[in-house]
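Each chain, written out:
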Amino acid sequence: MLDKNGIAKRIAQELQHGYYVNLGIGIPTLVANYIPEGIEVEFQSENGILGMGPFPEEGDEDADLINAGKQTITAMPGAAYFDSATSFAMIRGRHVQLTVLGAMEIAQNGDIANWKIPGRMVKGMGGAMDLVASAENIIVAMMHTNKRGESKLLEKCSLPLTGVGCVKKVVTNLAVMEIRDNGFYLVERAPGVSIDEIVDATDGRLIVPGDNIPEMEI
Amino acid sequence: MLDKNGIAKRIAQELQHGYYVNLGIGIPTLVANYIPEGIEVEFQSENGILGMGPFPEEGDEDADLINAGKQTITAMPGAAYFDSATSFAMIRGRHVQLTVLGAMEIAQNGDIANWKIPGRMVKGMGGAMDLVASAENIIVAMMHTNKRGESKLLEKCSLPLTGVGCVKKVVTNLAVMEIRDNGFYLVERAPGVSIDEIVDATDGRLIVPGDNIPEMEI
Amino acid sequence: MAINKKVANVEEACKGIKSGMTLMLGGFGLCGIPENSIAELVKMGVNELTCISNNAGVDDFGLGLLLQGKQIKKMISSYVGENDEFERQMLSGELEVDLIPQGSLAERCRAAGAGIPAFFTPAGYGTEVQGRKEVRMFKGKPHILETALEADFAIVKAWKGDSSGNLIFKATAKNFNPLMAMAGKITIAEVEELVPLGELDPNEIHTPGIFVQRVFQGAKYEKRIEQRTTQPKA
Amino acid sequence: MAINKKVANVEEACKGIKSGMTLMLGGFGLCGIPENSIAELVKMGVNELTCISNNAGVDDFGLGLLLQGKQIKKMISSYVGENDEFERQMLSGELEVDLIPQGSLAERCRAAGAGIPAFFTPAGYGTEVQGRKEVRMFKGKPHILETALEADFAIVKAWKGDSSGNLIFKATAKNFNPLMAMAGKITIAEVEELVPLGELDPNEIHTPGIFVQRVFQGAKYEKRIEQRTTQPKA
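Note that the protein sequences, when read in sequence, are chains D, H, R and Y. Reading the first sequence from the start, the letters are residues 1 to 218 in my numbering. Reading the second sequence from the start, the letters are residues 219 to 436 in my numbering. Reading the third sequence from the start, the letters are residues 437 to 670 in my numbering. Reading the fourth sequence from the start, the letters are residues 671 to 904 in my numbering.
Okay, chain D solo, but in the shape it has when bound (with noise of 0.2 Å):
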C-alpha cells in the first residue's frame, strides 16, 4: 500500500521530457518532488504563473508570489507571470499536457467530483472545472477510500459533478487504473496489495485482465 508520496511519485512517472503540467492541491503538489531524471518539465499554476519552484528558504517569503494553494513559492530560470485570462486561456486551450488532481468520488465513465457536499461543505470549485473540462491528459490522485472506509470509485457520483467523462487515470494507494470500456480498468497493484484488496475496495466495474496484474516500481 502507498502513502500520499508514494502516489506522487507513481504519478511522477508519467510525465514526459515537454510537458508542461498542473498540479493541484495536496497529493499532487507532492508530484514536484520526484520529476525523474533527464527530462524537462514546467508547473504551471493557475493563479499565474509557469516555472513554478519549490518552497522559498525562510525569510525569503514573498507574499506576491504564490501558489494556487495560496503557498509562497519560488520562480525557477524562465519563469513568466501572467494573468488569469491567459492562465485559463493556457489550460482551455490545451497547452498544458497534464493535470494532476485530487478527488472526493470518480464514476467508472470518467465523471469526477470534487468540489461540493451540499448542505454541508461549500469551499467551491475554483479551476478545477475548467481544468476538467479542457485537459486531453487528466490523472487522478488520491486515496482509495474514504475517512469512513468507503470506496471513492463508484459506479456513480453521488455528489456533484466538476465534469463529465473526463478523467483518464486514477492512482490511489491501492492502484492505478485507466477508465476503459466504462470500468476501472486496473493496470498495476500498489506494492504488497493483492486483487482482491483492490476489488474489496472499489464499488464501482473494475476491470481485471487476468491475474497477473503487475506490481508498481517504484
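Treat the hints with care, since some could be wrong.
[Stated by the list, open to error] Pairs of lysine-lysine, DSBU-like flavour, derived with a Cα cap of 35 Å:
no.: 1; chain 1: D; residue 1: K168; chain 2: R; residue 2: K577
no.: 2; chain 1: D; residue 1: K9; chain 2: Y; residue 2: K676
no.: 3; chain 1: Y; residue 1: K890; chain 2: H; residue 2: K341
no.: 4; chain 1: Y; residue 1: K840; chain 2: R; residue 2: K442
no.: 5; chain 1: D; residue 1: K4; chain 2: R; residue 2: K577
no.: 6; chain 1: H; residue 1: K227; chain 2: H; residue 2: K386
no.: 7; chain 1: Y; residue 1: K840; chain 2: H; residue 2: K227
no.: 8; chain 1: Y; residue 1: K685; chain 2: R; residue 2: K575
no.: 9; chain 1: Y; residue 1: K744; chain 2: R; residue 2: K575
no.: 10; chain 1: R; residue 1: K510; chain 2: D; residue 2: K156
no.: 11; chain 1: D; residue 1: K116; chain 2: R; residue 2: K659
no.: 12; chain 1: R; residue 1: K577; chain 2: Y; residue 2: K688
no.: 13; chain 1: R; residue 1: K569; chain 2: D; residue 2: K123
no.: 14; chain 1: Y; residue 1: K830; chain 2: R; residue 2: K606
no.: 15; chain 1: R; residue 1: K621; chain 2: D; residue 2: K123
no.: 16; chain 1: H; residue 1: K334; chain 2: Y; residue 2: K743
no.: 17; chain 1: Y; residue 1: K809; chain 2: R; residue 2: K577
no.: 18; chain 1: Y; residue 1: K688; chain 2: R; residue 2: K575
no.: 19; chain 1: R; residue 1: K577; chain 2: Y; residue 2: K855
no.: 20; chain 1: D; residue 1: K168; chain 2: R; residue 2: K454
no.: 21; chain 1: D; residue 1: K116; chain 2: R; residue 2: K454
no.: 22; chain 1: R; residue 1: K509; chain 2: R; residue 2: K621
no.: 23; chain 1: H; residue 1: K386; chain 2: R; residue 2: K621
no.: 24; chain 1: Y; residue 1: K830; chain 2: H; residue 2: K341
no.: 25; chain 1: R; residue 1: K569; chain 2: D; residue 2: K156
no.: 26; chain 1: R; residue 1: K442; chain 2: R; residue 2: K621
no.: 27; chain 1: Y; residue 1: K688; chain 2: H; residue 2: K341
no.: 28; chain 1: H; residue 1: K374; chain 2: Y; residue 2: K840
no.: 29; chain 1: D; residue 1: K168; chain 2: Y; residue 2: K676
no.: 30; chain 1: R; residue 1: K454; chain 2: D; residue 2: K123
no.: 31; chain 1: R; residue 1: K454; chain 2: R; residue 2: K510
no.: 32; chain 1: H; residue 1: K374; chain 2: Y; residue 2: K809
no.: 33; chain 1: R; residue 1: K659; chain 2: D; residue 2: K123
no.: 34; chain 1: D; residue 1: K116; chain 2: R; residue 2: K575
no.: 35; chain 1: R; residue 1: K669; chain 2: Y; residue 2: K676
no.: 36; chain 1: Y; residue 1: K744; chain 2: H; residue 2: K374
no.: 37; chain 1: R; residue 1: K577; chain 2: Y; residue 2: K713
no.: 38; chain 1: D; residue 1: K9; chain 2: R; residue 2: K606
no.: 39; chain 1: Y; residue 1: K803; chain 2: H; residue 2: K374
Note that these hints are calculated values from the structure, not bench results. It should be emphasised that the depicted structure is a prediction, and the values quoted were computed from it without experimental measurement.
Keeping the supplied structure of chain D fixed, place chains H, R and Y upon it in accordance with the hints.
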C-alpha cells in the same frame, strides 16, 4: 468652404477633457494638430498604442513604432503599448470615447461605407468595422462630394456597408450635420457657404431648421 | 497631454460607491487585494453589496472584513474555502453565493471589458454550473454559453502606477486585477508606488491607463501571507 | 528544468511546413513581421498556402514575396491596401481572399489559443462580413457569432526571447504576434535577440513560453519602414 485642415480644426472642437480618441487615416489624423488649449486627451491607434505623439524628428524614426496608417510616430509620456486583442477590447468595450474616420458614402440613417468598391478597389476594412460598430460617438470627416462632384451624403449607401446606423455627426468642407430623424440635420455652415450650396451638394434628406444656420467659428 | 486620473486618497477614490452596488475586487486569496479600498468600504459602511472576487478573503482580512460587517448580500466567486464566517453565512442562507469556474470568471470579466457579450467554454458542462445555459457542440465537444460580467466599480491593486492610470503588477499578484480593471464602469486602482508620468516603460505596462478612472497610492500595505511555506536554508 | 525550445536556425524552425497548410504570420504592415521565416518559405517553395495575417506586405517585402511567387492560395486579412500584386491577383480571381474586421481577426486568433470556440461581437453586423453568421441581440444591440481561427503553424517575430520560448515584443511591433503565438498548433518565434535563460524578468514577459514550440535568433533584420513620416529637427 473648408480645406482638409479646416475640417480637422472644426472636429477638434468636439474633443472634451478626458477623451480617448481614435483618429482614422487621412483628414482625421490632422485633428491631433488642433487640440483645444487646456484639455487633456489621448490618442489611441488601433495597431497598439495609447498616448500617440507627433511624427519623430528626422533621423529618429523607429520601424517598431508606427500608427495604424503605418506612419512612423512617437510616444508621449504616459504612453502604453499593447497587442491587437487588447486594442480592440478598448474599442469594442467602449473605452475609447470618440472615433473620427473618413468615408466614401454616408446615408441619412447613419450607415457608412468606406472599405470597398466592388470589382475595382478592395483594400479591406482594417479596424473600421470594429470602430463603427462599437464607438458611442462617431464623427465622419470627409469632403461633401467625391472627385466626380457627386454627393457623398445619400439617401442610401450604394457601396458595401462598413456599419449600420452608427454615424452621429458628419463634418465636411461645407457643413456640420447630425444624423437625426432619418436625415442630415444641418447644424453649421462652413464660412462663406450658403444653405443653398449645401442643399445642392446633398443627395440624401437634408433637414434645414430655419434660415439662421450659424457659420462655424474656427 | 496625458489624462490625469490621480486622486488624493482612498476616500476620494471610493466616492460614489453606494449600498446595493456591484463591485469587482482583484486578488487571488490575499495576494494582490486592494487593502486600502476594502478598509475604506468598511469605514463607509455601504452594504447590500454584490462582490465579484475570486475568493472571499479570510475571517479577519480581505473581503472577510466586509463579511464580518454583513455588508455583502451576494458573492460571485470561484473558491471560498478559507473563510469560516463565509461558510456560516452561506449555509444559513444569509449570504447569496454564485460559484463560477475560475477560468470562466476571469474570461467573463475580460469579456465585459472587451465588448464581448458572450462566449462558449467547455468548463462546467454537465455540472450545476451549466444550469439553463445554452449548450452547443464544437468539434464534437459540448460547450456552454457564458456572458460578460460587469460591475459598477472595479477595485484593483497594482505594484506601480502613474497618473495616467497605467499599471504594472508584481508576480502572481497580477491574477484577476488586469481583467477586472477592464470591466468596471469606474475602475479604481490603488498602487504601492505612484511614479511620475513617463517613468514607466510603455513596453512593460500591464494595464493601459484607458481602463482606469482613478488612481492613488495606498497608505500602507500589510500584504498578509495566507500559507507561509518554506524550506530550511541550504 | 525549463523546457528547451531553441532550434539552430530558420531551416530547422520551419521544418514540417508543407504546401496546402494554414499559416498565421504576425505583424501589422511591415512592423513586427517574421522576416527570416518568410524568406525561408520563399526558399522552401511551399505553395497553396492559406495565410492568416492582418496585411499582405508590400510588393517586394513581407508577404508580398510569397505573393510574387504565387505561393499563396488564400489570404485571411483585414487590410491589404498597400500591395498592387495582391490587388491584381485578387481581382483576377487567382487569389482567394477573406477580409475580416481587424478586431475580430485579433480576437479569433486569441480565441483559438484560449480554447474559446466562438464569441459574439458587434463588428460587421449588417455588412458583407455578417454573411450567414448567427445574429443575436445583447442589450438591444445586434451581434454576430465569430469562431476561433486556427493554424497549422503560427510564425511570430519578437524583440527578445529565451530558450524556454518566453517572448518580449517592442513597441507597436507587438500587434498580432502574441495572439497568433497562442493559436498555432506549432508556434515558431524568431527573435532579434535570444538571451540566456533567466535573463528576462518574469514580470515583463508578453508571451509565456508555453505558447511557443520553436525559437531562434534571426540572422538579420531589415525592418523596412512603410511610411517614413518625420518633422524637421527642432
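So which hints don't hold here, by number, going up? Failing hints, ascending: 20, 28, 37.
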